[in-house]
Amino acid sequence: METNRASQGAKAGYHHGDLRNALITAGVELATDGGPAKVVLREAARRAGVSPTAAYRHFAGQGDLLLAVKIHAQQLLADAMERVAASLPPGDHPGAAAERRLAAIGRGYVGFALEHPGLFRTAFSHSAPGAAEDTGWGGVTPPADNPQYRSYNLLSQALDELVATGRMPAGNRPGAEAAAWSTAHGLAMLLLDGPMGRLPATDRDAVIVRTTDTIVAGLLVPRGHPGSR
1 METNRASQGA KAGYHHGDLR NALITAGVEL ATDGGPAKVV LREAARRAGV SPTAAYRHFA
61 GQGDLLLAVK IHAQQLLADA MERVAASLPP GDHPGAAAER RLAAIGRGYV GFALEHPGLF
121 RTAFSHSAPG AAEDTGWGGV TPPADNPQYR SYNLLSQALD ELVATGRMPA GNRPGAEAAA
181 WSTAHGLAML LLDGPMGRLP ATDRDAVIVR TTDTIVAGLL VPRGHPGSR
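Per UniProt numbering, the very first residue in the sequence shown carries number 1; after that it's consecutive.
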């Protein structure tokens with residue numbers, strides 16, 4: 001039923017003159033069902049109720065559609081991270097709140113991967129050769145206004161909050177994104193495709209909490225240290 005509603009929405013978008021978004025919606029459906037390999041321009045056109053020729057007026061090829069769906073998937077990932085962080089109860093100490101926020105966005109990241117594996121894989125897929133792939137980021141400081149890197153920028157902001165509140169030494173800040181991101185991403189892939197995928201739900205959830213808490217703890221000033229607040 002969900003797929004049918006999305007397909008109807010795509011067709012409605014086209015009839016209102018927004019074929020590009022209708023094709024992206026169809027591509028998101030395809031990614032949800034089967035990951036990046038399923039994002040085929042001809043099939044997206046069929047779901048949107050138009051001919052492949054019409055679709056090619058908006059996307060030069062399959063790689064361009066995949067890039068648009070990839071960016072959309074990244075936005076959904078960032079939304080999930082923010083929702084988990086927003087669900088935290090208010091705290092009375094900025095430093096403790098910063099710790100909880102970092103752990104929460106990590107849980108949101110892994111939770112999205114488990115709930116939407118097709119979209120998660122698409123969010124980190126490579127577009128086909130010739131697509132208008134963004135090449136302006138070398139993995140250090142992505143553009144702040146590029147939606148493709150919103151989840152990364154959420155992580156950066158959470159790490160900055162740890163420093164600002166005195167919870168993390170400034171010396172631990174360089175490269176902290178890589179350490180936190182790679183740990184969360186590695187856990188997500190182990191749960192999706194590795195032996196951890198066989199864990200019962202309660203054990204799986206405990207592993208997620210333990211891993212995200214360990215990421216945070218490894219970045220902090222030790223309790224009782226003169227630099228802690």
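No lab work stands behind these hints, which were simulated from the structure alone. There's no promise every hint is true.
Stated by the list, open to error - Label pairs and their in silico Cβ distance ranges:
id, residue 1, residue 2, range
1, Gln157, Gly218, 36 to 42 Å
2, Gly194, Gly218, 37 to 43 Å
3, Asp33, Ala86, 47 to 53 Å
4, Leu114, Ala37, 33 to 39 Å
5, Ser182, Gly61, 18 to 24 Å
6, Arg210, Val40, 38 to 44 Å
7, Gln157, Val40, 33 to 39 Å
8, Gly61, Arg210, 30 to 36 Å
9, Met196, Phe124, 32 to 38 Å
Positions of the beta carbon are idealized from the N, C-alpha and C atoms, including for glycine.
Quick rundown of the hints versus the structure:
1. Gln157 with Gly218: 36 to 42 Å: Roughly 19 Å apart at Cβ, these two residues miss the hinted range, so it is violated.
2. Gly194 with Gly218: 37 to 43 Å: violated, 22 Å
3. Asp33 with Ala86: 47 to 53 Å: Once the Cβ atoms are compared, 29 Å apart, the range 47 to 53 Å for Ala86 and Asp33 is violated.
4. Leu114 with Ala37: 33 to 39 Å: Given range 33 to 39 Å: violated, Cβ gap about 20 Å.
5. Ser182 with Gly61: 18 to 24 Å: violated, 31 Å
6. Arg210 with Val40: 38 to 44 Å: holds, 39 Å
7. Gln157 with Val40: 33 to 39 Å: holds, 36 Å
8. Gly61 with Arg210: 30 to 36 Å: violated, 44 Å
9. Met196 with Phe124: 32 to 38 Å: Roughly 18 Å apart at Cβ, these two residues miss the hinted range, so it is violated.
In summary, the numbered hints that this structure violates are 1, 2, 3, 4, 5, 8 and 9.
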